[in-house]
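Novice: Sequence:
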Amino acid sequence: MLSKVTFRARQEVVENDFNNLQGHVEATLDHLVADTISTQKRFSGFEVTSVSATEINVAPGRLFASGEVYAAAATVQKSLFDFLPAAAKRLVTVYIWQGTAEVDIQPRSYLIDVDNDVTQSQTVSMRHDRVANVGLIAGLESADPQRSPLGAQFLAVCDILLTPTGIADGGITMIAGNRMPRLTEVDSRVGLLEKFQASAEPRIQTIGSDISALANRLKGSASTRAIIEMASDIARLKDVVGLPDDYSSYAADFYLTSAETDVTNLDLLAKVEEGVRFGPENQGDSQISVFNALDPAQVVKNGVLLPAHASIPRITVASYAGELRLSQYQSQAQTIVQKTMSRQRVRYGQEFSVCTNARNYWAQGQIDPTSNVFTLNGESFIINNPEELRGAHNFIRLQQYWIDSYEEPYWDVLTTTTVVNGQTVAQTFLNSQDGWLTGLRVGLTRLAGSGAITLAVCETYLGAPDLSKTVAQVTVQRADLRLFPQDGMTLFPLAPTFLSAGGRYAIVLVTAADHYAAVASGGEYAQGTLFYSTDGAWFEGDFTKDLVFSVEFARFERVRTVVELQPLQLNGGISSLDILAGMVVPRSCQCYFEVQKSGSGWEPIDSLTPAKLIGLPPLLQFRAVLIGTTDVAPGIRLSGSRVRLSRPRTTFKHISTPRTLPVPTSQVQVTVRLENWSGTRHAHAMRLLCGAPGFATIELPDVTDTTPTEDPKAIIRTYTFNTTAPVSAYKIEQSGTTSTALDTYLVSTRVDIAF
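Numbering (this note's numbering), first residue to last: 845 to 1599.
Hints are supplied without guarantee of correctness; some may be wrong.
[As the list claims (entries may be wrong)] FRET-style restraints, in silico, Cβ to Cβ: (1) Leu1081 / Pro1046: 47 to 57 Å; (2) Val1181 / Arg1402: 31 to 41 Å; (3) Val1030 / Thr1007: 33 to 43 Å.
Just so you know, the hints here were simulated from the structure itself, not pulled from any lab data.
We put the CB at the ideal spot given by N, CA and C, even for glycine.
Go ahead and model the full structure; you've got the sequences and the hints to work with.
Specialist: Here it is as structure tokens:
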């Protein structure tokens, strides 16, 4: 006791002396609690139990505050009925606070007249108590209820979760952080720490030496970041050389094919086309056709669109020197394989943003993008024409504007095969300049009573006709054949066929009838040779004579022709155009397409005029502009052409095929490159799908990092997953959004590393 009252013999005692006896004890206990136990608000006791669904009992307890001790001596019963939520949940907090009370009221006599010893009775409190008061406070009703805030003078003891029917199962939770710890509990915890110290201290004392030795061993070792970068590069190289990803802790995907995309997953909502891109929300296909078939500025023949022209002879051999009986040669079956006009693909729209993955990948193999065929380190797809692997194609990738074209005017990706029986003769000729062949005339001196003649124009191989590379053919019936010279040469009308300058071609006649062809002397035409065939093989040419023939080409009326085409329309609006058609555009010519929105002028589709589709117009006027010379012009094959209009979704979801690991792991890091990225419009997220069966367990990333790149419109996004349990296989799910269909991004590469 810090202070005490001193009493002496025969000393007068006043009332304060007796009050000080307990006051000094109280002050000493307050200091003892504050100095040795705690000055913070804490409680002991006050256990809360439920009496019914809406009533609780709060057991007696003590409140410690700044060294002072306040007590609740009796059990307190509280009703929660008024706090029951109407529909959701509510959290009610039991709290306590300190106070004082005057108790033990008794009648006592007071001396009011000392001389006459007169007393008076008064009722007074005989005890002054420190008391702990118990109260309730309720939070807001919510599906995820929270505790109501309390003032500093109050101390929370217990949280009670209420539902509309009463106290929830297990809904009473004592707040252990506010409970006063007992010395026995502290002693037990100290005992455990002393045991740990006794076992760990000898090892900790030598840890300095161990760290020094470890540091010496780690000198020159690669950092974790360097190892991750190396694993990422190796994963990319594995994808380039075609090594499988299974049972490897790192893998990559350049998204050039859908080989690592779970195309059977019903949740897949993306397209893989030189990267992961937003799939179409709406798209429509139509064939290119002219708006006005009677427009005199254009000519459509056999499905080929050309500017208006007239047919004039460019090569003529007309000096008659004799005749050649066609039936003198052996009759045989000739197989004519006719090539088709090579196609050009023009794509325009914001979704056609350039992907950088191709520059690191396509150079590793032989690739033909016009037919989606490539060969790479043992992984091969069917190639219809191996001789075309010389790569006679061009592709241009500019922002919003892609062109894929083929240098050769005709290809054998698509062919038509015809078998014709009869005798065969041929005449080769050299084409000295580019032009559109419209017809051939051949002199026939004698005609049989019946029998048609099939004429084919083909390329040559080593100077001899090659019917497997036919570019045009026609069959003329007996009634349309003319006698030479009185009726002139017989016309064999052909579909417009482009012949390249410097190319050597052959005119092949096949007939089963006894017709005679006019020939000229061998010196008349020095740029070709007459051939005849036996048993399907071409014998040595006859240099003493040539067929009498004339080659007619188109001569164009204008050097610039505008052809209006059928309008383009798509419900909901157009954001991209994909034009695929057989096209021949000589080097001296140009062919481009123009569109027109309502209320605006015509604009060409090219890389220099972006963002023509702002506003997502549902209807576009459409036309082609053909620029050439009077001798040569571009041509478009309308039959078999296609215009695909589309509008991408504003969301995408891509799911990879399962990744099988060599050993289970609890940490996976996935890195993706996002291109054409705009932080204000775009969002990207990733999840891991794992667990058996069916990859139904979802893991969210614990850490997400974003790193800028050398391209201001590209970022590197890294997701780190710490799984709740080790996984041996997983799928990678990516999702993204954009605020407008006119501004989309793509995922160009993905690298994942399992630690």
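Novice: Give a verdict on every hint.
Specialist: Hint check results:
{"no.": "1", "hint": "Leu1081 / Pro1046: 47 to 57 Å", "result": "holds, 49 Å"}
{"no.": "2", "hint": "Val1181 / Arg1402: 31 to 41 Å", "result": "holds, 36 Å"}
{"no.": "3", "hint": "Val1030 / Thr1007: 33 to 43 Å", "result": "holds, 38 Å"}
Against the hints set out earlier in the document, no violation occurs for any number.
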